[in-house]
Amino acid sequence: MYELFENLAKWLVSGDQWAGTDGIAHRIAEHLEYSLFATLIAAAIALPLGLLIGHTGRGAFLAINLSSFGRALPTVGLVVLVFLISGLSLWSVYVALVVLAVPAIVTNTYAGMSAVDPEVKDAARGQGMRGHQVLFQVEIPLALPLIMTGLRLSLIQVVSTATIAAYVSFGGLGRYVFDGLAQRDLVQVLGGAVLVAVVAVVLDLALAGLQRYLFRHLRTAAAH
Amino acid sequence: MTIDWSWLGDHTDDLASLTLSHLQAALSAVFLGLLISLPLAVVAHRVRALRGVLLGLSNVLFTIPSIAIFVLLLPVSGLTRTTTVIGLTVYSLVVLLRNTVEGLDSVPVKTKEAAKAMGTRPLRTLLTVELPLALPVIMAGVRIATVMSISLVSVATYIGDGGLGQLFTDGFQRNFPTPVIVGVVLTLLLALVADALLVAVQYVLTPWTRRRA
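Going down the list, the protein sequences come from chains E and X. Residue numbers for the first sequence follow UniProt numbering, beginning at 1 and rising by one. Residue numbers for the second sequence follow UniProt numbering, beginning at 1 and rising by one.
Chain E extracted, bound-state conformation (with noise of 0.2 Å):
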């Protein structure tokens, strides 16, 4: 066990492992642009539809159901479905993680949203705020921390899931997994996954501090 830690720990550090196309960096590289790409896109789907379900109240029943659904869904199945459809193509990769960051974001969004206290948008509207008005300065301020978590829980889960890239032939972490299973090298399947967890982690950190920064700038610009 002692000697597994040692090997690892070497295999983190070695200069040679983090250069080149097959290094550390460049792995990293390939796992935070599916990853990030990925959780944009669905930011891009998911946000508005939340938006949209919680300021008009349209739509909840889909808002709630979806994140059962997203759950259930099982992401490795789905890589290997749209794979099998659309052929080599990193479609596959993107398809499977935007479906499964799209749920988290639409439910906390809209968490978020119903969770405003009808009588602050009452009182927006009396001091005569038009519709986005009350959307944009009041509704989204008041729900951007759950909205933040429903990002952040997706990332989190696209980061892991990105993983699966690699048994579709692409590149990412998860390369040093799938490669050390098949060769039966349990150093590198460690070292894969530690620093998927790493990155993971760190992203979420780096989310937090976002989240951080945006409440604080928002506070200030409301008392101004």
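Hints are computed from structural coordinates only; laboratory data are not their basis. Hints are all accurate, no fakes.
In the SDA-like style, the derived pairs of lysine to any residue whose C-alpha atoms are separated by at most 20 Å in a straight line are:
{"id": "1", "chain 1": "X", "residue 1": "Lys110", "chain 2": "X", "residue 2": "Thr120"}
{"id": "2", "chain 1": "E", "residue 1": "Lys121", "chain 2": "E", "residue 2": "Pro141"}
{"id": "3", "chain 1": "E", "residue 1": "Lys10", "chain 2": "X", "residue 2": "Pro75"}
{"id": "4", "chain 1": "X", "residue 1": "Lys112", "chain 2": "X", "residue 2": "Val42"}
{"id": "5", "chain 1": "X", "residue 1": "Lys112", "chain 2": "X", "residue 2": "Pro132"}
{"id": "6", "chain 1": "E", "residue 1": "Lys10", "chain 2": "X", "residue 2": "Leu72"}
Please arrange chain X on chain E, whose structure you already have, making use of the hints.
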């Protein structure tokens, strides 16, 4: 892309045994998760100092990708069912702990004081007053954990287990969509049925919540 129905007919036995093994892995994980999270939640609820530590720790565990958890367990438990169940237990633990603590928090202080005033001891209060009242929120956690575990079992297919997930590897290796479609549909159905059953269980266990509806 069409489904090869004759394949489906030829493999009903395999499908039944894969479904059973899938369900077994998911349910053992939720059961173990409950067993571990209940005492931890009571501690987190009563001892404020430990609350942040326990909830924070479980959140960090949730950040670790499921495939990574399975892989990280390989040196400990190898390519076995145990690895699958432990990995899934870690995931359900996070959801169950959070919901159980929230459930216990939601019990009105007055109710607990009334129980105390009637001379009920703390353990009895916990078992007969607090836990039953927290049940709706706990059950919400159990439902999420169950649905999530059922979906996550497939990930264990990379370490040689994975119940219905095996259909995904099979279809992928042979470039044959039918098992993949069947696997996705069966997993969704399993999650749906389990969720509906849990709603029924909750309905039976919490008769006092019905009056309001």
